[in-house]
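Asks: What follows is each chain in one-letter form.
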Amino acid sequence: MDLLHNLALGFGTALSLQNGLYCFLGCLLGTAIGVLPGIGPVPTIAMLLPITYTLSPTTALIMLAGIYYGAQYGGSTTSILVNLPGESSSVVTCIDGYQMARKGRAGAALTISALGSFFAGCVSTVIIAAFAPVLAEVAFQFGPAEYFSLLVVGMLMAVTLAHGSALKAIAMILLGVLLGLVGTDVNSGVARFSLGVPELADGINFVVVAMGLFAFSEIIRNLEQTAEKREVFTENIKDMWLTKAETREAIPAVLRGTVLGSILGILPGGGAVVASFAAYALEKRVSKTPEKFGTGTIAGVASPESANNAAAQTSFIPLLVLGLPANATMALMVGAMMIHNIQPGPQVMTSNPALFWGLICSMWIGNLMLLVLNLPLIGMWIKILRVPYRLMFPAILLFCAIGVYSLQNNTVDVLLTIPFGLLGYVFAKLECEPAPLLLGFVLGPMLEENFTRAMLVARGSATIFFTRPLSLSLLLVAGILLGLMILPAVRKKREEVFAAED
Amino acid sequence: MRISVKNQKDWLAGLIFLFFGVLFAWGATFYRMGVKSRMGPGYFPFVLGCLLALLGIVLVVRSLSVAGEKGKVERLHVKPMTLVLGAIAAFALLLNWAGLIVALFALIIVSSLADQEFSLRESTINAAVLIVASLLLFVRGLQLQFPIWPAFLVR
Chain A
1 MDLLHNLALG FGTALSLQNG LYCFLGCLLG TAIGVLPGIG PVPTIAMLLP ITYTLSPTTA
61 LIMLAGIYYG AQYGGSTTSI LVNLPGESSS VVTCIDGYQM ARKGRAGAAL TISALGSFFA
121 GCVSTVIIAA FAPVLAEVAF QFGPAEYFSL LVVGMLMAVT LAHGSALKAI AMILLGVLLG
181 LVGTDVNSGV ARFSLGVPEL ADGINFVVVA MGLFAFSEII RNLEQTAEKR EVFTENIKDM
241 WLTKAETREA IPAVLRGTVL GSILGILPGG GAVVASFAAY ALEKRVSKTP EKFGTGTIAG
301 VASPESANNA AAQTSFIPLL VLGLPANATM ALMVGAMMIH NIQPGPQVMT SNPALFWGLI
361 CSMWIGNLML LVLNLPLIGM WIKILRVPYR LMFPAILLFC AIGVYSLQNN TVDVLLTIPF
421 GLLGYVFAKL ECEPAPLLLG FVLGPMLEEN FTRAMLVARG SATIFFTRPL SLSLLLVAGI
481 LLGLMILPAV RKKREEVFAA ED
Chain B
1 MRISVKNQKD WLAGLIFLFF GVLFAWGATF YRMGVKSRMG PGYFPFVLGC LLALLGIVLV
61 VRSLSVAGEK GKVERLHVKP MTLVLGAIAA FALLLNWAGL IVALFALIIV SSLADQEFSL
121 RESTINAAVL IVASLLLFVR GLQLQFPIWP AFLVR
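Residue numbers (the numbering used here), protein chains in the order written: chain A, 1 to 502; chain B, 1 to 155.
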């Protein structure tokens, strides 16, 4: 069978000494930054991108992917033990996870989040392997009009699922697209908006944008707060096993979380954060004892933790199949592929099968490594939690500065991060999410290229977007999404879903 | 008469979007517009700039009538902001002239000042450890290219 042949190729690639080593490195790093509050996968991947120049593209992607799903494992540890989300996708885990720790069930909470994540990781790996080739067949029929419509749907979907005001999120996407247009125009060769700065003629590097908007503004916001003394449960974690009653409650929750997470991950705009919130909401709804949520019920840990890991992995599907990043992390992955001269899209599977299948298989291997990293070695991560933030953040800044400099061995890039840091901090104060901006920034050039090309084909008639059936149906979806956001009832529901975060 | 702003956050965000929208649309007029079937480099940014400006106006207008629950803008903390971003600037400006070691030292000390519990002794130790680790990891290990020593000493 074809699938078996592909999987054999994948495992062969993923199990090579170098790839295995970097997969482990990615998972280790991912867990570490997952455990540490105040640094997430986006700045970490941005930081490490320049360093992956020297690696082969397959190895680089395997490691970067490991950071993303590894962070989903690590994030729960901090949520459970410190009542502080190590990762934004573990925010809801705090609610019941921390309460379980207070009842002396920290071990069980840690075990179920690791096992649930592992199960979800295995299932979603199979889903990617099974669905990606089928979807790629459809993607091959896409022309510029379809791609444009798909990009519009993807961006609007990101807005629907984003936290906060939809209007502001759309504006952030537009601003991102415009910033993405800075630099030499491929069609005319004109250096747009470069202000005469030669470095800007090559465009703004997305690592610069990501670093400023995510890492720097996050650090500044963390420094605003005076250090609080938090109760850390580090001593008495002996009882790692689940009781029979807990197991009975956790298994269906893990299953539901995995299914929901896998679906939400595939949708453009979805990803680990959205999935964990949705899973918690679903669990509360189907539960026979919804009043127990918030007091340390195991389903409230098992389901979101499975969902975020499933979503972290299935969000690779739109990237690998369509070249369309579903969230900010995937936007960075596009960048990682571009660095190595790989144009993301359906052709990757045929032109570079070792990369495609190697990456998928590495996820399964990575999940196995993470299980070992997180359960027996939990004590090591607790020690990391004891390092005070005032020693940690200069180190994060150092990594950022060196990472940006090594992009092109140029200090102008480092200076460019400063206005983006400022912008990110101000936007955070105004409740404007930075993720849509980064998404727009990465997709902007693609959007323009496909739009102008479609218009060229249609000799200037915009009807091309409506007469081609695939494009039309995509635009209809976009229209429905837009309509839904304006409807007050849906708006209220959205706010409810995200209310848990505040 | 003063028009009252009901939602400060939306109002300010709207103004920022309006500013960038106008800026990009205006900037786009310097490039060839072209026609719909053959768009010039100015066409797409002009349209999007106008769209962004429009969204900005909508936000501003809405902020005057619709009150948000948490509409008040929190204070900008200028000290950590300038020190963190200043530390990055110091690194960028010092690197080519004074070399990696001095630039990293400046980065770590300046940024550490942003913390309320700053202690010079602790930050110096932190800087020393991080500099040695960077030299081992980035310069020796990953072979990244940096000017390490001050330019005037090497010559």
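Read the hints as simulated data drawn from the structure, not as lab findings.
One should not assume that every hint holds.
[To be verified] One-sided and incomplete, this derived list gives chain B residues near chain A with beta-carbon spacing under 10 Å:
#: 1; residue: Phe17
#: 2; residue: Phe20
#: 3; residue: Leu76
#: 4; residue: Lys79
#: 5; residue: Gly99
#: 6; residue: Val102
#: 7; residue: Leu104
#: 8; residue: Ser112
#: 9; residue: Glu117
#: 10; residue: Leu130
#: 11; residue: Ser134
#: 12; residue: Pro150
From a predicted model like this one, the values you see are computed outputs, not experimental measurements.
Glycine included, C-beta positions come from ideal geometry on N, C-alpha and C.
Asks: A separate judgement is required for each hint: does it hold in the structure or not?
Replies: We went through each hint and held it up to the structure:
1. Phe17: holds, 5 Å
2. Phe20: OK, holds: Phe20 (chain B) within 10 Å of chain A, min 6 Å.
3. Leu76: holds, 6 Å
4. Lys79: holds, 8 Å
5. Gly99: Given a least distance of 12 Å, the restraint on Gly99 (chain B) is violated.
6. Val102: At 13 Å from the nearest chain A Cβ, Val102 (chain B) fails the 10 Å test, so the hint is violated.
7. Leu104: holds, 6 Å
8. Ser112: holds, 5 Å
9. Glu117: holds, 6 Å
10. Leu130: holds, 6 Å
11. Ser134: Ser134 (chain B) check passes; min Cβ-Cβ to chain A is 7 Å, inside 10 Å.
12. Pro150: violated, 15 Å
The structure shown violates the earlier hints numbered 5, 6 and 12.
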